[in-house]
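Undergrad: For what it's worth, the numbering used here labels the leading residue of the sequence shown as 272, then goes sequentially.
Bear in mind the hints are in silico, worked out from the structure with no lab data behind them. Warning: the hint list may mix true and false statements.
Unchecked claim - Keeping only pairs whose Cα atoms sit at most 30 Å apart, straight-line, the calculated DSS-like set for lysine-lysine is:
no., residue 1, residue 2
1, 293, 311
2, 352, 311
3, 523, 489
4, 489, 470
5, 352, 293
Every value quoted in this text rests on a predicted model; they were computed, and no experiment measured them.
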Amino acid sequence: MHFELLDLRLLLAIADAGSLSKAAQRFPIALSAASNRLRKFEQSCGIEIFARSADGMTPTPAGRFILERAARVASEVEQLKDTVRDLRGERRVTVRLAGTTVAISTFLPEAVGRFLAEHPEVDLQLLEHGSPEVLQAVRSGEVALGIMDGNAVGDAVMSLPFRSDRLVLVVADGHALAGRTSIRLRDALEYAFICLPAKRAMQRFIESMASGSGRPLKIRVRASSFDAIAQLVAREAGIAMLPETAAARFAKEMPVRIVALDEPWAIRELRVCFADLATLSPHAERLLGYLGPHG
Numbered sequence: 272m273h274f275e276l277l278d279l280r281l282l283l284a285i286a287d288a289g290s291l292s293k294a295a296q297r298f299p300i301a302l303s304a305a306s307n308r309l310r311k312f313e314q315s316c317g318i319e320i321f322a323r324s325a326d327g328m329t330p331t332p333a334g335r336f337i338l339e340r341a342a343r344v345a346s347e348v349e350q351l352k353d354t355v356r357d358l359r360g361e362r363r364v365t366v367r368l369a370g371t372t373v374a375i376s377t378f379l380p381e382a383v384g385r386f387l388a389e390h391p392e393v394d395l396q397l398l399e400h401g402s403p404e405v406l407q408a409v410r411s412g413e414v415a416l417g418i419m420d421g422n423a424v425g426d427a428v429m430s431l432p433f434r435s436d437r438l439v440l441v442v443a444d445g446h447a448l449a450g451r452t453s454i455r456l457r458d459a460l461e462y463a464f465i466c467l468p469a470k471r472a473m474q475r476f477i478e479s480m481a482s483g484s485g486r487p488l489k490i491r492v493r494a495s496s497f498d499a500i501a502q503l504v505a506r507e508a509g510i511a512m513l514p515e516t517a518a519a520r521f522a523k524e525m526p527v528r529i530v531a532l533d534e535p536w537a538i539r540e541l542r543v544c545f546a547d548l549a550t551l552s553p554h555a556e557r558l559l560g561y562l563g564p565h566g
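Please take these sequences and the hints and turn them into a complete structure.
TA: Right, here's the structure in full:
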């Protein structure tokens, strides 16, 4: 006795739709062809798979048994296809990673670039959060990996060093602070700032530090990226706080200068964290190898 996979899938579609015509539309296949296939299958088996009525088609007791086996066969075929796609590197795999603004905007492009080039089957979903939210996302399993401030990493997750950076002020060449080598934040708060959007994790942190220093930031304008902020600073629209890695690049390209922040919180050690190495997917574990300090 010979069975075709198409016939098994047609049986399952009829059972799901409760109608031969609806099942034929889903395939799609001509109604006459679907009817002919069902008739030949039932004749070959010598079993009536479906009971026909004005309300539609329902499986007979014997038909339910056959449908159960057909579903198993169809599932095994799909699993076999997935295995072949994995072996050929064709199946799409999604890895979710959460990170702080500094991590995502400054360090991650370089760190994950080689990984994505060498693993074309992987789609990487990046979520930008503050460090507490990153920690919660990792602990809850929402993401496989997180990159956050090392001071916020708790005992509930495992972590490895990622990168180190610090926040600095960026001012125009002709600004009153351009001659300073370092400054306390409270002494810079009399000047207008150019900031990221209020919802960005790094901006929330900066504004909380300003409030802790005794007064809120004087926000003149908000820009969507570090590059746009630096361009506005260069045009003397205000000063800004940026990661030193990005600020150093802008200082080579634009008429801006870097002023160090004399604040302990300005130094940022970033760590990559995960709930448990044993539960990471193979691709997430491979990505972790690229995110180390020497990845």
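Undergrad: I'd like to know which numbered hints this structure contradicts. Please list them from smallest to largest.
TA: none
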